[in-house]
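Below are the chains, spelled out letter by letter.
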Amino acid sequence: KQEVTQIPAALSVPEGENLVLNCSFTDSAIYNLQWFRQDPGKGLTSLLLIQSSQREQTSGRLNASLDKSSGRSTLYIAASQPGDSATYLCAGGGLPGTSGSRLTFGEGTQLTVNP
Amino acid sequence: GAVVSQHPSRVICKSGTSVKIECRSLDFQATTMFWYRQFPKQSLMLMATSNEGSKATYEQGVEKDKFLINHASLTLSTLTVTSAHPEDSSFYICSARDPPTDTQYFGPGTRLTVL
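Going down the list, the sequences are from chains H and U.
Heads up: the first sequence begins at 9 in my numbering, then just goes up one per residue.
Heads up: the second sequence begins at 4 in my numbering, then just goes up one per residue.
The set of hints was computed from the structure by calculation and includes no laboratory data.
Some clues are possibly wrong.
Said to hold, decoys possible - Computed beta-carbon distance windows for the label pairs:
no., chain 1, residue 1, chain 2, residue 2, range
1, H, Y84, U, L118, 40 to 46 Å
2, U, D68, H, E25, 47 to 53 Å
3, U, T34, H, S60, 20 to 26 Å
4, H, R69, U, S21, 41 to 47 Å
5, H, R69, U, A5, 34 to 40 Å
6, H, E23, U, R13, 41 to 47 Å
To be verified - Here are a few chain U residues that sit away from chain H, every Cβ distance over 12 Å (derived from the structure):
no., residue
7, I15
8, K17
9, T20
10, S21
11, G56
12, T60
13, F70
14, P89
15, V117
Glycine included, every Cβ here is placed at the ideal spot set by N, Cα and C.
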């Protein structure tokens with residue numbers, strides 16, 4: 009059974025700082041890994057999806073990496089802005105069409121970027 | 004990206020009544036949809052996997068007679084909370100898998116409050 013852990017649980021940084029959010033997973037037979045953003049009381053917004061054959065994905069100021077052998081993924085946010093304040097969730101996905109195809113979520117990292 | 008809608012966004016009901024929540028994929032066909040539950044300050048917990056034209060698969064500990072799921076078309080899945088009680092109050096989020104990319108797109112969520 010896949011288990012996903014995120015550290016830190018909360019992070020507060022000044023505006024402009026580069027930061028890294030960490031995600032670890034127990035089952036290296038992961039099919040893909042997704043990073044999401046959730047604003048208070050809202051649904052999830054998909055940020056980046058990394059397939060198991062990939063090592064990283066980039067979108068604007070965001071860069072996500074995946075290391076299956078060590079069971080880790082990181083989300084790098086460059087030049088953070090107050091608008092980046094939200095909870096960031098990572099989720100590991102299993103092979104589609106199998107019993108393990110569901111997404112397993114971490115507990116999230118609550119990020120606050122102070123002006 | 005693909006859009007998933009949920010209706011209603013917020014519902015308040017009396018204990019003992021039933022509530023239906025709709026999840027729609029607006030611009031793609033989703034053979035698989037997922038229903039999650041999220042308590043305050045916690046991550047998403049998968050309740051069930053909804054497959055078009057077949058019975059939903061429920062996670063351990065989720066009462067299938069309590070949470071009725073119907074996936075009658077490739078763009079619509081419904082979750083009915085039957086005989087709701089205050090402990091059913093939560094944030095319910097659905098997602099739909101886009102087969103070509105295997106990305107799960109999430110709805111905006113439904114806040115259920117049972118008085």
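A quick look at each hint next to the structure:
no., hint, result
1, Y84(H) <-> L118(U): 40 to 46 Å, "holds, 45 Å"
2, D68(U) <-> E25(H): 47 to 53 Å, "holds, 50 Å"
3, T34(U) <-> S60(H): 20 to 26 Å, "holds, 22 Å"
4, R69(H) <-> S21(U): 41 to 47 Å, "holds, 45 Å"
5, R69(H) <-> A5(U): 34 to 40 Å, "violated, 23 Å"
6, E23(H) <-> R13(U): 41 to 47 Å, "violated, 33 Å"
7, I15, "holds, 15 Å"
8, K17, "holds, 23 Å"
9, T20, "holds, 23 Å"
10, S21, "holds, 23 Å"
11, G56, "holds, 15 Å"
12, T60, "violated, 8 Å"
13, F70, "holds, 16 Å"
14, P89, "holds, 19 Å"
15, V117, "holds, 18 Å"
Of the hints listed earlier, those the structure fails to meet are numbers 5, 6, 12, in rising order.
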